[in-house]
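Engineer: Chain residues, written in single-letter form:
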Amino acid sequence: NAGVTQTPKFRILKIGQSMTLQCTQDMNHNYMYWYRQDPGMGLKLIYYSVGAGITDKGEVPNGYNVSRSTTEDFPLRLELAAPSQTSVYFCASSYWGTSTDTQYFGPGTRLTVL
Amino acid sequence: AQSVTQLGSHVSVSEGALVLLRCNYSSSVPPYLFWYVQYPNQGLQLLLKYTSAATLVKGINGFEAEFKKSETSFHLTKPSAHMSDAAEYFCAVSFTGANSKLTFGKGITLSVRP
Numbered sequence: 001n002a003g004v005t006q007t008p009k010f011r012i013l014k015i016g017q018s019m020t021l022q023c024t025q026d027m028n029h030n031y032m033y034w035y036r037q038d039p040g041m042g043l044k045l046i047y048y049s050v051g052a053g054i055t056d057k058g059e060v061p062n063g064y065n066v067s068r069s070t071t072e073d074f075p076l077r078l079e080l081a082a083p084s085q086t087s088v089y090f091c092a093s094s095y096w097g098t099s100t101d102t103q104y105f106g107p108g109t110r111l112t113v114l
Numbered sequence: 001a002q003s004v005t006q007l008g009s010h011v012s013v014s015e016g017a018l019v020l021l022r023c024n025y026s027s028s029v030p031p032y033l034f035w036y037v038q039y040p041n042q043g044l045q046l047l048l049k050y051t052s053a054a055t056l057v058k059g060i061n062g063f064e065a066e067f068k069k070s071e072t073s074f075h076l077t078k079p080s081a082h083m084s085d086a087a088e089y090f091c092a093v094s095f096t097g098a099n100s101k102l103t104f105g106k107g108i109t110l111s112v113r114p
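Those sequence lines, one after another, are chains A and B. Residues in the first sequence are numbered from 1 upward in steps of one, following our numbering. Residues in the second sequence are numbered from 1 upward in steps of one, following our numbering.
Careful, some of the hints might be misleading.
[Unchecked claim] With a Cα cut of at most 25 Å, we get these calculated SDA-like pairs of lysine to any residue:
id, chain 1, residue 1, chain 2, residue 2
1, B, Lys-101, A, Ala-52
2, B, Lys-106, A, Val-60
3, B, Lys-58, B, Ser-111
4, B, Lys-69, A, Ala-52
5, B, Lys-101, B, Ser-80
6, B, Lys-49, A, Asp-101
7, B, Lys-49, A, Ser-94
8, B, Lys-101, B, His-82
Hints in this document: simulated from the structure, not taken from any laboratory.
All chains should be modelled from the sequences, with the hints used to inform the complete structure.
Structural biologist: Take a look at the structure:
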């Protein structure tokens, strides 16, 4: 199993550009998550999904969109990039989505908006 | 509001010395507590978790943590540090409930001196 994979690893965007961060998991997990990590701030939940076709907002959803058409894929869309979106983005998945369930993380995408 | 606090941002120890990384939580309901580790340029991986069974939890790579309700703490320890332990460590909390999600602390960077 590859686990959770993310592409690209690095990306530089100009202000106002758009892009999609890809996330795929091969563990047949129901739940998937997008986090952003800023220095000294820990991880903040952007969006999550409880299954194909079902998504919901997390703590910091503004400026982002998601979709979940399959169990495996959970792309994150930035429509109008802003410098405040410079961050490292992590995708994660878990099977049950319960309070005690382990989340499995991808290697991250480092995004810079100039 | 429920939260976790990781005091300090950086801990440095000598190889072979005790590792102690502190985590305190704030909660009005019983928490579930996690420690995740992030090695350089990688995603997070679970070290250990407390799910209300045993209060002393053993994890991977010789780490353990003890849940102390009276002190609202879940400190991470390892008797003897190894160079390979150098990483960033995150404490996280969740709670019983359908909509409970992981809330991460700000993280602590552990350096190990030869």
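Engineer: Among the hints numbered above, which are violated by the structure, and what are their numbers in rising order?
Structural biologist: 4, 5 and 8
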